[in-house]
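These protein sequence lines map, in sequence, to chains H and A. At the far end of the first sequence sits residue 961, using my numbering, and the numbering has no gaps. At the far end of the second sequence sits residue 595, using my numbering, and the numbering has no gaps.
There may be inaccurate statements among the hints.
[Unchecked claim] Calculated cross-link-like contacts (lysine-lysine; reagent style DSBU-like; alpha-carbon spacing at most 35 Å):
id, chain 1, residue 1, chain 2, residue 2
1, H, Lys-937, A, Lys-463
2, A, Lys-451, A, Lys-463
3, A, Lys-451, H, Lys-890
4, A, Lys-501, A, Lys-451
5, A, Lys-501, H, Lys-937
6, A, Lys-501, H, Lys-890
7, A, Lys-584, A, Lys-569
8, H, Lys-934, A, Lys-501
9, A, Lys-579, A, Lys-569
10, H, Lys-890, A, Lys-463
11, A, Lys-575, A, Lys-563
Quick caveat, the hints were computed from the structure, so don't treat them as lab data. Since this is a predicted model, take the numbers as computed values, not measurements.
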Amino acid sequence: MADDQEQQAPVQNAEEPLDLIRLSLDERIYVKMRNERELRGRLNAYDQHLNMILGDVEETVTTVEIDEETFEEIYKSTKRNIPMLFVRGDGVILVSPPMRTGT
Amino acid sequence: MASEREKFLIRNTLISLLKAVEGRETTVELRNENTVTGRVENVDSFMNIVMTDVVFKSYRGISQNFSSFFVQGANIRYVHIPDEIDMRAAIDYEVNKEWRMKASITRKVRKAAEQKIAKRQLEAKKRETLKERQKEFEEKKKISRGNLNKT
Numbered sequence: 859m860a861d862d863q864e865q866q867a868p869v870q871n872a873e874e875p876l877d878l879i880r881l882s883l884d885e886r887i888y889v890k891m892r893n894e895r896e897l898r899g900r901l902n903a904y905d906q907h908l909n910m911i912l913g914d915v916e917e918t919v920t921t922v923e924i925d926e927e928t929f930e931e932i933y934k935s936t937k938r939n940i941p942m943l944f945v946r947g948d949g950v951i952l953v954s955p956p957m958r959t960g961t
Numbered sequence: 445m446a447s448e449r450e451k452f453l454i455r456n457t458l459i460s461l462l463k464a465v466e467g468r469e470t471t472v473e474l475r476n477e478n479t480v481t482g483r484v485e486n487v488d489s490f491m492n493i494v495m496t497d498v499v500f501k502s503y504r505g506i507s508q509n510f511s512s513f514f515v516q517g518a519n520i521r522y523v524h525i526p527d528e529i530d531m532r533a534a535i536d537y538e539v540n541k542e543w544r545m546k547a548s549i550t551r552k553v554r555k556a557a558e559q560k561i562a563k564r565q566l567e568a569k570k571r572e573t574l575k576e577r578q579k580e581f582e583e584k585k586k587i588s589r590g591n592l593n594k595t
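Can you build the whole structure from these sequences, using the hints too?
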């Protein structure tokens, strides 16, 4: 009975937010950055400042243009691919597994 | 020589990998949407980058050439990493730099100390043998005197 209780104990204790990023090492992630930028790439390395090394990354820059006549908001996005990128941590807003479109 | 704080920052953050880019050509993108392409001369622990033979491309697309360029670390958004860099090896190299330097200094100091000790031991031994020989000589003298007295 004591053994059962021990087996139910969690594997990782004292998990802090940076540990959650550690779980995503070498996985594809989605990074939301300041200035309406998003990155999707493979996380190779990170540090406590959230400086990151991303491989095979696709950057998406989103801009909003307002039509003068109709006052419609037109969302435009520009994408580009970079093989290996060092990202400075102070531009990072959030880090997450890639978002799946649909359900 | 880097201050203690700088050395700590280099060891404990990804700056160690940026230092591996030193000497190579790459592109640095700034927060204000301008790009700087050129050879990285030096990276310090605050991510300040000194570059040479630089093409500065403004967000409007206008290019300017500079022979030397300094980028403040806080203004950097991205640094493109050249493909040839082995990241793991680069980080290990930077992180162990100080250890290696200290290890070589320790080895030299230890060698010098050992030589000193060996020298001292050798001289002590010489003195010992000298004393013993003197003793033996005195002994022989006593014995021969004794023999003389007997006869």
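Here is how each hint holds up against the structure:
1. H/Lys-937 with A/Lys-463: At roughly 28 Å apart (the allowed maximum being 35 Å), A/Lys-463 and H/Lys-937 satisfy the hint.
2. A/Lys-451 with A/Lys-463: Judged against 35 Å, a Cα distance of about 12 Å means the pair holds.
3. A/Lys-451 with H/Lys-890: Holds. A/Lys-451 to H/Lys-890 sits at ~30 Å (cutoff 35 Å).
4. A/Lys-501 with A/Lys-451: holds (32 Å)
5. A/Lys-501 with H/Lys-937: Holds: A/Lys-501 and H/Lys-937 sit about 19 Å apart, inside 35 Å.
6. A/Lys-501 with H/Lys-890: Cα-Cα ~25 Å, so holds.
7. A/Lys-584 with A/Lys-569: holds (23 Å)
8. H/Lys-934 with A/Lys-501: holds (23 Å)
9. A/Lys-579 with A/Lys-569: Judged against 35 Å, a Cα distance of about 15 Å means the pair holds.
10. H/Lys-890 with A/Lys-463: Roughly 26 Å separates the two Cα atoms, so the pair holds.
11. A/Lys-575 with A/Lys-563: Given that 35 Å is the threshold and the Cα spacing comes to 19 Å, the pair holds.
Violated hints: none; the structure is consistent with every hint.
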